[in-house]
Every structure is written in structure tokens, then in C-alpha cells.
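Participant: Chains U and Z supply the protein sequences, listed in that same order.
For the first sequence, the numbering used here gives the first residue as 1, with consecutive numbering after it.
For the second sequence, the numbering used here gives the first residue as 164, with consecutive numbering after it.
Treat the hints loosely; a few may be bogus.
[What the hints assert, rightly or not] Derived PhoX-like pairs: lysine-lysine, alpha-carbon spacing no greater than 20 Å straight-line: (1) Z:355 to U:142; (2) Z:204 to Z:253; (3) Z:204 to Z:355; (4) U:37 to Z:344; (5) Z:204 to U:72; (6) Z:204 to Z:344; (7) Z:204 to U:77.
Everything labelled a hint here was simulated from the structure, so no lab data went into it.
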Amino acid sequence: MSNPTLVMYEDEFQEVNDVIERLLKEANAKIIFLVDKNGQLISGVGETDRFDTTSLASLTAGNIAATGGLAKLIGEKEFSILFHEGEKDNLHISIVGGRVILVVLFDSRSSLGLVRLRVKKASEELSAIFEKLMKKSEEREKSGSSDFPFAEITDEDIDNLFS
Amino acid sequence: MSFINYASREINCKIVYYGPGLCGKTTNLQYVYQKTAPEAKGKMISLATETERTLFFDFLPLSLGEIRGFKTRFHLYTVPGQVFYDASRKLILKGVDGVVFVADSQEERIDANIESLENLRINLKEQGYDLDKLPYIIQYNKRDLPDVMTIEDLRRELNTTNVPEFEACATTGEGVFETLKAVAKLILIDLKRGK
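In isolation and in its complexed conformation, chain U is listed as follows:
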């Protein structure tokens, strides 16, 4: 299969959250979230309760996929940064490590320049964490020590979901 399953462990989840929490403060942003390219929300910080983050995640991934399609048509690999300017709020969307999408929502208390600057630094840290995460999943898979929670489930467990 073209993509292996993305697995997030608690240690890395904490590291990722530390980075985006810091980015939230340093970039003066309202919310920040990370989405995988298939539209699954990985994590979000800030005023996440005020927004429908699941929908935001799905549409962001659709947006990245669509602009990625455009990029290929004109001979580019991808557009790694997208910026959407609104009357009050703005979205800065960037691809991290070729695999995950970092979304920063900010208003006039911040600026595009500041967000770009801080995102660049945070992206490097996030790339490193995701790189480590990939290696960790691969190693666990190879060694067969997968603690995959679904290995033990029974047909009954599955049927119960639909009862």
C-alpha cells in the first residue's frame, strides 16, 4: 500500500503539542492545528472549542490536495505554503516534512511576517519529531513488538459497535 498507517504515540504527541503550544504564543495566533494529508486531525491548540476542527481538518487537506494538483499541472512538486486573508482572521497553511499540514489561524494581533518566521522554526522541529515517529513505527513493526490495539479484537467486538 502506498502509505503506511500513521501511528501517534504518547511521547511524540506531547512533543508535538509542546512545539505548537510554543508556536501559538510566539506567533500570537488564535489556534494552531496539525492535520495529516488525508484530512485526519492530529492535534490542535488554542481556542479549538470555538471551531469545528474536524471540518477544518478535512477542508484543509482537501485544499492542500487541490493546490497540490494545480502545482503538478504547472510542473511544481507542491505549493508548500498557502495563505488565506480574511477581513478579520487569516489562515497560514504549510506542509511540514512532506507529510503533515500545519495550520495557523491568526488575526490583526499578529502579522503574516511574524507567523511565517515562527512557522519556519517550528516546522523544522516538527519535521524532526515526525521523522522519529516514522522510524519508531517501522522498528516496532519489524521487531514484531507491535502493541496494536486491534490485534485482539473479536468479531463480537465489531458487531457490538453496530448494535
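Given the coordinates of chain U, assemble chain Z onto it according to the supplied hints.
Facilitator: The following block gives chain Z in isolation, referenced to the frame of chain U:
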């Protein structure tokens, strides 16, 4: 490609409804949305034209409950069925965990069904997937209409690999949840095998 989060104890999977234009993919999702308890569903998003034809995709997040302490979430997507939206269809198939092919049972749509099914195979292959190895269900929709083909004829034309199949009428909801449950179950069984 499912996403497993040990920190929040969640498993997310992606189901794509595929099929020719006007076969009832969006109607399937709308029925699921209407009949699902508010706490189990998110907002349904439809990126459609002014005439309510799907332009990019419909999206419906569902959470089914817990298995062994893990929340299971399914993200349902439809593709735009019209032939000329092929570039968009390819994008939506990225990271798919299971496919529902919604066939239009009307006689006059059999060619459109066959073309769409071939298109599904080709587009999956481009993304590195093989339809025969994915959780995959066929739904024969619009069984309530007068000029429909028999199930035997539809099966011979569309279900040559003998995958699970369901008769449906998405407007009244008949067969809609049966289809969804079947594909979700196949995905979970795949996950269990550690694919």
C-alpha cells in the same frame, strides 16, 4: 490509511463513496447524517455547485463508539461523479481505507456504472492501491425505480469479483446503513489483521 493515536486513544478511518453522476452518493451520506444521533456525528460538509451537484466532495465524520478503549471514528467522503471531475476524484481517494461503489440500477445507466468502476480501479492504481485488496462493497441503488436491471444482471456486469453487495434506495434509507456497516466491518477486520 488509518490514523491511530495512542495519546487520545482514537482510530480514524476513511471511507469513500464512488460511482457515476447522480447515482446517489450524496443521498447516502445525507441519510446517514439525518439518522445519526447528534453526539455521534459532526457537521456534514458539501462542496457543491449551485445546482447541488457535488463539485469537490461531501464529508461526514461519524464516531461509532469504542473498541477496547479506542474511539473509532469514520470519515465518510463522496467523490464528484461527473466524468470531467476526474482530477478531483483522484485526490479524494488518497489515504482511503474502504470503498463503497454506488451503482445506479437503472438500465440506461449501466454504461455509466461500468465506466465509473473502471475509473475507480485506474485511479486507485495510480495511488498505489489495488481494489481487490481493499475493503470494498457494492450498493445497487435506486431499486424503487421502474426501469431497473435485475440483481443477477447487475452482478454479472459490476460484481465480477464477488464482493459483498446490497440493494438500496438511498432516498428512503433502505440499505444505506447495511452498506455502511458492512464496509466499516471490513475495515476493522483489515485493521485487526494489521494491514
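Participant: So, for every hint listed, does it hold in this structure?
Facilitator: Results for each hint:
At most 20 Å may separate the alpha-carbon atoms for a hinted pair to count; residue 355 (chain Z) and residue 142 (chain U) meet this at roughly 17 Å. For the suggested pair residue 204 (chain Z) and residue 253 (chain Z), the alpha carbons sit about 26 Å apart, so the restraint of at most 20 Å is broken. As the CA atoms of residue 204 (chain Z) and residue 355 (chain Z) are separated by approximately 24 Å, the hinted pair breaks the 20 Å bound. Distance restraint check for residue 37 (chain U) and residue 344 (chain Z): the Cα-Cα separation of roughly 25 Å exceeds the 20 Å cut-off, and the hinted pair is therefore not satisfied.
Taking the CA atoms of residue 204 (chain Z) and residue 72 (chain U), the gap is about 35 Å. The hint is violated against a cut of 20 Å. For the proposed pair residue 204 (chain Z) and residue 344 (chain Z), the alpha carbon gap of about 15 Å is at most 20 Å, so the pair holds. A C-alpha spacing of about 36 Å is found between residue 204 (chain Z) and residue 77 (chain U), which places the hinted pair above 20 Å, so the restraint is violated.
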